[in-house]
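Asks: In case you want the letters, here they are:
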Amino acid sequence: MIGGLFIYNHKGEVLISRVYRDDIGRNAVDAFRVNVIHARQQVRSPVTNIARTSFFHVKRSNIWLAAVTKQNVNAAMVFEFLYKMCDVMTAYFGKISEENIKNNFVLIYELLDEILDFGYPQNSETGALKTFITQTGIKSQSKEEQSQITSQVTGQIGWRREGIKYRRNELFLDVLESVNLLMSPQGQVLSAHVSGRVVMKSYLSGMPECKFGMNDKIVIDKQGKGGATEEAAGKRSGHQSIAIDDCTFHQCVRLSKFDAERSISFIPPDGECELMRYRTTKDIILPFRVIPLVREVGRTKLEVKVVIKSNFKPSLLAQKIEVRIPTPLNTSGVQVICMKGKAKYKASENAIVWKIKRMAGMKESQISAEIELLPTNDKKKWARPPISMNFEVPFAPSGLKVRYLKVFEPKLNYSDHDVIKWVRYIGRSGIYETRC
Amino acid sequence: MRSVMFRFHVCAGEIFELKAELNSDKKEKKKEAVKKVIASMTVGKDVSALFPDVVNCMQTDNLELKKLVYLYLMNYAKSQPDMAIMAVNTFVKDCEDPNPLIRALAVRTMGCIRVDKITEYLCEPLRKCLKDEDPYVRKTAAVCVAKLHDINAQLVEDQGFLDTLKDLISDSNPMVVANAVAALSEIAESHPNSNLLDLNPQSINKLLTALNECTEWGQIFILDCLANYTPRDDRESQSICERVTPRLSHANSAVVLSAVKVLMKFMEMLPKDLDYYGTLLKKLAPPLVTLLSAEPELQYVALRNINLIVQKRPEILKHEMKVFFVKYNDPIYVKLEKLDIMIRLASQANIAQVLAELKEYATEVDVDFVRKAVRAIGRCAIKVEQSAERCVSTLLDLIQTKVNYVVQEAIVVIKDIFRKYPNKYESVIATLCENLDSLDEPEARAAMIWIVGEYAERIDNADELLESFLEGFHDESTQVQLQLLTAIVKLFLKKPTETQELVQQVLSLATQDSDNPDLRDRGYIYWRLLSTDPVAAKEVVLAEKPLISEETDLIEPTLLEELICHIGTLASVYHKPPSAFVEGSRGVMHKRLPAQGTECPDVGNAAGGSAPEAAPSIIPSQGDLLGDLLNLDLPAVLLPLFNTNCSSYGILYPQVWLPAMKAKGLEISGTFARRAGVIQMELVLTNKAMSVMTDFAIQFNRNSFGLAPAGPLQVLTPLGPNQTIEVSLPLSTVGPVMKMDPLNNLQRQVFLATWKDIPNDNESQFQIQDCHLNSASNKLQGSNIFTIAKRTVEGQDMLYMSIKLSNGIWVLAELKVQAGNPNYTISLKCRAPEVSQCVFQCYEAVLKN
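Just so you know, the protein sequences line up as chains A and B, in that order. Everything in the first sequence is counted per the UniProt record's numbering, starting at 1 for the first residue and increasing by one. Everything in the second sequence is counted per the UniProt record's numbering, starting at 1 for the first residue and increasing by one.
Derived from the structure by calculation, the hints contain no laboratory data. The reader is advised that the hints may include incorrect statements.
Derived list of chain B stretches under chain A, where covered just means 3 residues or more per stretch with a C-beta under 8 Å from a C-beta of chain A [stated by the list, open to error]:
#	segment
1	90-100
2	387-398
3	568-574
Covered stretches of chain A, going by a simulated chain B footprint (3 or more residues, C-beta under 8 Å) [said to hold, decoys possible]:
#	segment
4	32-45
5	69-78
6	104-110
7	121-129
8	148-154
9	163-177
10	411-423
Pulled from the structure, derived: some chain B residues nowhere near chain A, Cβ distances all over 12 Å [as the list claims (entries may be wrong)]:
#	residue
11	518
12	665
13	841
Ideal Cβ positions, reconstructed from N, Cα and C, are used throughout, including at glycine.
If we strip away everything but chain A, and leave its shape as in the complex, we get (with noise of 0.2 Å):
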């Protein structure tokens, strides 16, 4: 297991060491120094062993998190639980800096004295932590008190406690998309994937049964079939459905249940969850199509080419789009002509930024460029980097509709009507690339 858990700054000064087993000694924590923080060549890898020793890290901004051990241990549970110590503490004092990290290091040495025991992660849910280590101080606590939350840090649902009131009941739940693309300069695509999150707050009474469905094309089917009008159910639903490829979901998710009858049922954490992540791969809608055109005039000359065209319906609106055309390392100045917002050259980026502030459906747009080149006696040519986009966009580009989220609270007495509901889509755009 973890036999030890260190935060460095970027000059490799530690500000938390933590040891967990004996047989990890002072002298681990200048090892990573040395050979990690300090090494002249890039990262070749996040896992290192020094002497025996493995090293884990992530970085952070520029705070090196690195845990240590002897053992075999299970590597994916190591890095997991560094991502959630991020979390835990961005939770608990916003984000994570040296100064923070500084000004917080008792709280720091007593969540690492909570989360992790022995090396074996316990509970780490912040909204259960967050009852019983506070930066105030403990307040005295009545016997009802602590063993409250000694249940909820140990019990089934450790991600909620109970007895809790709103005047409102409120939810929001918000379908994130990114999308993904690699398309080839003649338009192919290469590759293409959406990975969607939704993200759920809920302001709910009490420990409400959620039932979450959306246009899953497995359940619509499996209906489809089950109806009387089996047919016109299953063209209808044809249009609206999408395939999944896979979909992950937060703790409070019942797995079981989905496995089987693949309904996704929960009692959620207060406040914000992430309920699931989901990837699909067919039937994508690509918000914008980028056609390059790159020519070499001479050796010290480039004229680019570049037509965004906007691909979803008129009445929605893009926003922050930006288009970043990579340029050669040698270049000396550039000249750019755009129909429509801002473009500049940035030499320090290696690379012309057009930026447009909204754009409509089924529109297009050009900017074109004249790059003047430095003659360089290099042999090697430049490797044209891919053309990259980004941009956010109203609607969910893999298709995905929330169908209903039904709220029961069988001993409060609300029902699923009283709740307010709120949906948002998000498109934006992953890694969007077109290679020229």
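Starting from the known structure of chain A, arrange chain B on it as the hints suggest.
Replies: Below, chain B without anything else, positioned relative to chain A:
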């Protein structure tokens, strides 16, 4: 708390200041002072001088302050054990506190203080906490047992904590169950044969129930534990698989990977024609692909594991090639791993796409990545014959870029392509020759020289080319020198007239001016061949070469099987068995996949044969292939030596002495026998690797029996893949240590005196069951075990016997035989009690035969 600032220097004055603050009456001031102490501790300053003052702050009802003091204690208790005792009372008191959080905190901290005296006091509170009414305390106590075991294993056993821990597996709270499983798994690792976890269908059922209810981390502990279980039959295997599959949808990647491990392992037992088998295969692909959308570090772990899974079961991901395409912004470690998997998945169906991608990668910036991409193109050509032509033309395009390392890498792989498809693509040689001057890496130079030599008859200026290399012969690396030597000899055999001078030159360079023995030997062999029989030389040097195989870098099958059992762990990331990087005995048990349809031996016992407990004396091997064969314990050797009979009865069944995994694919099993009065070692050698093995030799470690080979090991034929041969090696006992005395019997008095002389501690008792013999002593005497006296007490025959081992160790035995009872009792006394177990096994073997 926010007001505390870090200070990096603790000077004497400051210690004094802190001391004063720690002893202050004001609570707030005290707390601030302790915080300052902890801050200094973190940056590595020595604040142990403040020990008594900090411990004095322990008795407080402020939980936050208490935690800080505990943190300090954990760090410094070891260096100040006497003072740490001062804290014991508070701990014991806290373990009784009405607040469960404080009880748990106390027991958790106490387990972390590795001071013997404190450990003694820990037992009572721990016992109470294990049965505490609050689950939070119980789950903490469960882990504490593992801590205590790490400090003092004997104490844990003596106090019966292991049984209490086992009971916790049936606890009503899922988190308690999970922690108990984790603790037991860890303890079981250091006792490989203890059967601590005692997995049976009932306990498995309990674990599977808890699996649905506990935290994500608990699920990992339970799944990792389940993976050690071997189901009894395929039906049980299927039912476990069915209950584990829902975990594949968990958001935590570690849960998913551990579930994959369980499924990959148990799948082995399912019949391939079962519908469920196909369904399961289909269910595995999507979660594996999803792992690739996790953070890069986890992607890396996932990819290393997918690499194993693809080698074991290529069918799972064969349609998922696209997801392994490299993204421009992937970290380099993810890129390199993806490339590896792409090649493994390349097939005729997707080769066009793969090639287009690889060509793209070959123009990227990172040198390692580009090299690997070029190499990958070559491997595609070798793997998918239909694509070879396209691969070659892609490589030629790349050579045209004139980027130095791309050209060199391309030449290395083209050499391999020539060896796979001889006489097909030689038209490209001209292009290759153009780049001769730019090659500066030994591997590329050697490859180019090989090509020139191999196709010397088609290259007009081959002699000039090779001659140009010859100028700096002594500055070249060995690899290049050897290739150059061979290439020039080839050239000479093909064009003898023009190249005589050249061959003379290289032979003299190799034999006279070089001090590398390999090079010299090869030079002499060529010289001798050429001077005695040029025709034979031609046959030897220009012989047709075997084609190279498709996949060259597969992991050796037994290692692969073991790694599959370690999916998700560090072993699967390093692609090495745990014993290669874990110190000590912990976790070095070899795991194996279960076999289909048969009952399987307990996996825990699979650790390299069931040799006796005496620790093997390891003599480090000098980088030889096999490691050390006779690491196996010598007492095992003595067993069959008792047989004086010429027949081979009583010979033990051969045991596996050296598993294939430890010896690059050579498995050795064997036994010792005495045939026709000569001790023999009978070996069965099996080649489980993919290449031919030759040149066998054996050496014995100096041993206490004086055993040594009487002649050389006779293995004449090379051992092909999957081939097995049996060899027997006559042994003598005139080796370095002891001379063998004739075995004879003891006098009664001597026996009695010796019996008394040996301390009673050295006596061990065994039962031999189901033995039907009229005269045990005759039978034993036939095997050199002599009866010295016999007496009858209360209807029991007591036989007193003696044995002398070839190294002079006496073993005295008392055999109780009751008339009509087939069970005998035997007591053994010996100055070296380690051999008792073996002697007993020997008795059993002799009596039952």
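Asks: Look at each hint and say if it fits the structure.
Replies: Hint by hint, here is what the structure shows:
no.: 1; hint: 90-100; in the structure: holds (count 3)
no.: 2; hint: 387-398; in the structure: violated (count 0)
no.: 3; hint: 568-574; in the structure: holds (count 7)
no.: 4; hint: 32-45; in the structure: holds (count 4)
no.: 5; hint: 69-78; in the structure: holds (count 9)
no.: 6; hint: 104-110; in the structure: holds (count 6)
no.: 7; hint: 121-129; in the structure: holds (count 5)
no.: 8; hint: 148-154; in the structure: holds (count 5)
no.: 9; hint: 163-177; in the structure: violated (count 0)
no.: 10; hint: 411-423; in the structure: violated (count 0)
no.: 11; hint: 518; in the structure: holds, 32 Å
no.: 12; hint: 665; in the structure: holds, 23 Å
no.: 13; hint: 841; in the structure: holds, 33 Å
Going down the numbered hints, you'll see the structure goes against 2, 9 and 10, while the others check out.
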